[in-house]
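Q: Sequence:
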Amino acid sequence: APLLPLVTEEIWRGLTGGRSVHLTSWPDASTLPSDDVLVAAMDQVRQVSSVALSLRKASGLRVRLPLASLTVVTSGAAELEPFASIIAEELNVKTVNLVELSLDSASQFGVVKRLTVNSRAAGPRLGKGVQAVIGAAKAGDWSEVDGVVIAGGVALESGEYTLDLVANLSEAAETEAASQNLIGILAAGGFLLLDGAVTEELAGEGLVRDVIRAVQNARKEADLDVSDRIALKLSADDSVLQWVQVHAELLKSETLVTTLELFALDASAAGQPVAVGESQQVYIEVHKA
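Numbering of the sequence shown is given in our numbering, commencing with residue 221 and proceeding in unit increments.
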């Protein structure tokens, strides 16, 4: 914080040649460009990322483990299309599917609206009848017509109820694939489904990404510059080495490896063991190439 005014001054003077940014009047905000659609889309991107990451954490799916797909069902889905690659990279998913929210699209993915009656808010107005209304809401005896919610034949007022999108487990569990979808509700409306199925190929790539993280730490501990090319020796079980071989180019490009040597894990393995994946270990040696 103490340096920020000085940095600001240096940048501003370099760009404008002016005397001092601190002697300049505040700009007129109305003259600055604005894009409300872009701001709303980015807010939605951040919310999608936050909800999906929460689903990963709750299900024990570490971020370095790639997943097959994320489906986002929301209003204005087309506005998120330019940011699909950003969402995919942030959440480490192979594909991002964007679907416009509608009753048909919600039911297609096994998600339904749930009505919850607020007894404290509705009780004073409805009296003893509030229990019948609550029972009707739980039984599904309610409808929404022109923005008015009617439960058990009684129209509810704003603040007396909430409407949420929830998973319809009886439908969602009809197929094994559906049961592996992790469902998250978006506060701005809509929901997302994160494919939580971990195939052998996805698990193998996730394992290699753990190895990449370990190699990057080894580079740092060796006091190597970020641009230094390295020679890398890895000692690990065959279950790890086979996937390193499959994703060798990914490992090399991410860690700037020019020479890669792989060794079976034995008592002579050099270096400190590093945990990767669920329970495997690797021994890492890095040298500047």
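Hints are not guaranteed to be accurate.
Straight-line distance between alpha carbons at most 27 angstroms, and here's what the computed BS3-like set of lysine-lysine pairs gives [said to hold, decoys possible]:
| no. | residue 1 | residue 2 |
| --- | --- | --- |
| 1 | Lys348 | Lys358 |
| 2 | Lys472 | Lys314 |
| 3 | Lys453 | Lys472 |
| 4 | Lys358 | Lys333 |
The set of hints was computed from the structure by calculation and includes no laboratory data.
Q: Hint by hint, say whether it matches the structure.
A: Going through the hints against the structure:
| no. | hint | verdict |
| --- | --- | --- |
| 1 | Lys348 / Lys358 | holds (17 angstroms) |
| 2 | Lys472 / Lys314 | holds (21 angstroms) |
| 3 | Lys453 / Lys472 | holds (12 angstroms) |
| 4 | Lys358 / Lys333 | holds (12 angstroms) |
The structure agrees with every numbered hint stated previously.
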